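Using the sequences plus the hints, can you model the full thing?
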Amino acid sequence: MLLEKLSNARAVSGREKEVRELLREEIKDNVDRLKTDVMGNLIAVKGPDKPGPRVMLAAHMDEVGLMISEITSDGLLKFKPVGGFDKRILVSKKVSIGEKNISGVIGAKAIHLQKKSERDKPLDYDNLYIDIGAKNKENAEKLVSPGDMAAFTTEFKKISSHRALGKAFDDRVGCSLLAELTEYSYDYPIYFVFTVQEEVGLRGAGQAAYWLKPDLALVLEGTSAADVPENKEFRYSTTLGKGPALTVRDRTIVVNKKLLQELIATAEEHDIPYQFRRTTAGGNDAGVINITGEGIPAAVISLPCRYIHSPVSLLDLTDYANMKKLVYNYLLAIKRKEF
Amino acid sequence: MNGGYLTIMNKIEKSTDIKKLIKELSERSAVSGEERGAFQLVKDFLSHYTDEIRTDPLDNLIARRAGTAEDIKVMLAAHLDEIGLMVKSIDDNGFLKFATVGGIDPRTLPAQEVIVNGRKEITGVIGAMPPHLLSRDKRKKAHKLEDLYIDTGLELEEVKKNINIGDTVTIKRELTYLENDYVSGKALDDRAGVLMMLETARELDKIKHQADVYFVATSQEEVGLKGSETAAYDIFPDVGIAIDVCHGQMPGVDRGDASEMAKGPAVAFGPQVHPDIYQLLTKTAEERSIPYQKEASTTPYGTDAASIQIARSGVATALISIPLRYMHTSVEVISLQDVKSGAQLLARTIAEIDQDFLEGLTCY
Chain A
1 MLLEKLSNAR
11 AVSGREKEVR
21 ELLREEIKDN
31 VDRLKTDVMG
41 NLIAVKGPDK
51 PGPRVMLAAH
61 MDEVGLMISE
71 ITSDGLLKFK
81 PVGGFDKRIL
91 VSKKVSIGEK
101 NISGVIGAKA
111 IHLQKKSERD
121 KPLDYDNLYI
131 DIGAKNKENA
141 EKLVSPGDMA
151 AFTTEFKKIS
161 SHRALGKAFD
171 DRVGCSLLAE
181 LTEYSYDYPI
191 YFVFTVQEEV
201 GLRGAGQAAY
211 WLKPDLALVL
221 EGTSAADVPE
231 NKEFRYSTTL
241 GKGPALTVRD
251 RTIVVNKKLL
261 QELIATAEEH
271 DIPYQFRRTT
281 AGGNDAGVIN
291 ITGEGIPAAV
301 ISLPCRYIHS
311 PVSLLDLTDY
321 ANMKKLVYNY
331 LLAIKRKEF
Chain B
1 MNGGYLTIMN
11 KIEKSTDIKK
21 LIKELSERSA
31 VSGEERGAFQ
41 LVKDFLSHYT
51 DEIRTDPLDN
61 LIARRAGTAE
71 DIKVMLAAHL
81 DEIGLMVKSI
91 DDNGFLKFAT
101 VGGIDPRTLP
111 AQEVIVNGRK
121 EITGVIGAMP
131 PHLLSRDKRK
141 KAHKLEDLYI
151 DTGLELEEVK
161 KNINIGDTVT
171 IKRELTYLEN
181 DYVSGKALDD
191 RAGVLMMLET
201 ARELDKIKHQ
211 ADVYFVATSQ
221 EEVGLKGSET
231 AAYDIFPDVG
241 IAIDVCHGQM
251 PGVDRGDASE
261 MAKGPAVAFG
271 PQVHPDIYQL
281 LTKTAEERSI
291 PYQKEASTTP
301 YGTDAASIQI
311 ARSGVATALI
321 SIPLRYMHTS
331 VEVISLQDVK
341 SGAQLLARTI
351 AEIDQDFLEG
361 LTCY
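Here the protein sequences line up with chains A and B, keeping their order. Per the numbering used here, the first sequence starts with residue 1, numbered consecutively. Per the numbering used here, the second sequence starts with residue 1, numbered consecutively.
Hints should not be assumed to be uniformly reliable.
[Unchecked claim] Far from chain A, by Cβ distances over 12 Å, these chain B residues were calculated:
{"#": "1", "residue": "16"}
{"#": "2", "residue": "52"}
{"#": "3", "residue": "70"}
{"#": "4", "residue": "106"}
{"#": "5", "residue": "107"}
{"#": "6", "residue": "119"}
{"#": "7", "residue": "131"}
{"#": "8", "residue": "164"}
{"#": "9", "residue": "173"}
{"#": "10", "residue": "177"}
{"#": "11", "residue": "270"}
{"#": "12", "residue": "287"}
{"#": "13", "residue": "324"}
{"#": "14", "residue": "334"}
{"#": "15", "residue": "340"}
[To be verified] Derived DEER-like restraints, expressed as beta-carbon distance ranges:
{"#": "16", "chain 1": "A", "residue 1": "135", "chain 2": "B", "residue 2": "141", "range": "33 to 43 Å"}
{"#": "17", "chain 1": "A", "residue 1": "120", "chain 2": "B", "residue 2": "93", "range": "25 to 35 Å"}
{"#": "18", "chain 1": "B", "residue 1": "140", "chain 2": "A", "residue 2": "294", "range": "41 to 51 Å"}
{"#": "19", "chain 1": "B", "residue 1": "91", "chain 2": "A", "residue 2": "51", "range": "53 to 63 Å"}
If you are wondering where the hints come from, they were derived from the structure by calculation, not from laboratory data. As the structure is a prediction and not an experimental result, all values here were calculated from the model. In this text, a Cβ means the ideal position worked out from N, Cα and C, and glycines have one as well.
If you want it as structure tokens, here you go:
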């Protein structure tokens, strides 16, 4: 399963190499041309010379992670977050560091040694570090350098007939869907864009959109599902198992109304379950693509995932299948429409 | 409950090396009261080095290796159980609320994979309310136990079929080999101690010793030192030595509360330690040039040494510990060097124990 390989691969923002190479290998025989740009975006095209609307599909390769900022005299590694984190989830987790894939763990003072007041406070970055088993600074410097990225190491696992655990589903689900969609043929030029640096402020997609100047863009994402205990149902941003989520608007974009209506119509026509993303918070590459050049109509389709931006998230594989069905049927419908 | 969550059980040979042993030990599932999950592995290894193996009503695993003299009994105790969780309730959507078994810091739990030991082993993840839905105030507070739950991804019906209230939950973590013979994993408190005990058996096989040696993988240490209490009553040894872990030095911890990593095992001195055994351990280490550290242990509680000492009419006890960082998290770190040194020290010390030494134990 491609999603499994992509989820297990490591690509903290700015260091997307591992995922890029995996994707390149996966799609190279399905597309007409393949290139990387100066940012590191991977851009593939099918039917560049065909008439019709030029369609861009985008998914980001990068994931949230940690950057080594300092090596202490004890040989422990201080770090800073890359991308948005709840720092409270870092303690007692395993990471893999740099291109040498050095193993490390994020420890915490034993509960036995904590004062009562300490137990109520989350550990901040000042009190967190990665332990690679180095004896001292010199020993650690041979293996790790400041600037190296650390990624979580959770392995993808199917935990029931239709649910799976893994890391970086935001946005390897999008990457996986895009790669799978290269297998089909389309009547118009279609660009598959795997972007970089989404998690550090939507830094990669704009350049690719500027270069391609597509007539419309669809962004495929992994989004947060909040259908969890203690939360009230009206606050669920999305729900697992209820189909792909369509964005109406978020912090970065007001989704093109025509595209949105067409996506809804496609879902209805093919009996594909779908839901709306029921929050205006968050944002993704569609936000920058939308305001590139003279403006590009853009829409977002997301896969609900619980616990994104943490070492382990959980998704529903029927949602994945339905999302693929929705996007594919929408892409088929495009040829009949004018842009 | 049999075998732990790694269903493929590798055969343990007499020659199985320390790196493989610690991986197998750490990854077995044996939450306090369910020590049987790790029995087979310990049995397999000790069967090569001992004359008799049995279990008792509290699920202690006891193996005896005969010495050359009669009537000298040395008991080594390392606890096999680990901290964990227990299912407390199942909500209408199939999410599980849980209680802790042993001292768990709830702050280490969010985004942690777990195994629910139900009718079959069920993988889950510990979830909490997404941070962007929390008020700024709440986000600044650490997670509390009541805020957390286990998400198995299963439908309610499936959950009810496989999981019962009272089922234990094992924290899931595969062992990681770090640099310099350091390893990281769950339950190294006290599987590292069990490892030292197994390595001691291997060392004793190379030398002569008068005492009968009882290797006891004790149960229920994390919930009140229970197994060692009945095992010590049963065996009533002349000398009892508990093998456990102590805090390894790390930032934010007072150096007086912790021992250095990779500088040898910590030999404890305190009310629960008989001065003569302490002397014998440190003298043996000096004579044999085995690295060791001294640990000032001011209170007698906290390890099996405490319960062994007060068995029947009293037992001369000692405590040897492996420095360990991040105790009671799923990423505990130890140095295998410390385990090897500790095993050598224990074997050489046991070889020194004879009737004369035992007679001296009451001469204060």
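Structure-based check of all given hints:
1. 16: Fine: 22 Å to the nearest Cβ keeps residue 16 (chain B) off the interface.
2. 52: holds, 36 Å
3. 70: holds, 42 Å
4. 106: violated, 8 Å
5. 107: Given a closest Cβ separation of 6 Å, the condition is violated.
6. 119: It holds; residue 119 (chain B) is separated from chain A by about 15 Å at its closest Cβ, greater than 12 Å.
7. 131: violated, 4 Å
8. 164: Nearest chain A Cβ is 18 Å from residue 164 (chain B), so the label holds.
9. 173: Violated, since 7 Å does not exceed 12 Å.
10. 177: Incorrect as stated: the minimum Cβ-Cβ distance to chain A is 7 Å, not above 12 Å.
11. 270: The assertion about residue 270 (chain B) holds, with a minimum of 16 Å to chain A.
12. 287: Non-interface label stands for residue 287 (chain B): nearest chain A Cβ at 27 Å, farther than 12 Å.
13. 324: violated, 8 Å
14. 334: violated, 10 Å
15. 340: The claim stands: residue 340 (chain B) keeps its Cβ more than 12 Å from every Cβ of chain A (closest is about 16 Å).
16. A:135 x B:141: 33 to 43 Å: holds, 36 Å
17. A:120 x B:93: 25 to 35 Å: holds, 29 Å
18. B:140 x A:294: 41 to 51 Å: Holds - the Cβ-Cβ distance for residue 140 (chain B) and residue 294 (chain A), about 44 Å, lies within 41 to 51 Å.
19. B:91 x A:51: 53 to 63 Å: holds, 56 Å
In the structure shown, a violation is registered for the earlier hints numbered 4, 5, 7, 9, 10, 13 and 14, in ascending order.
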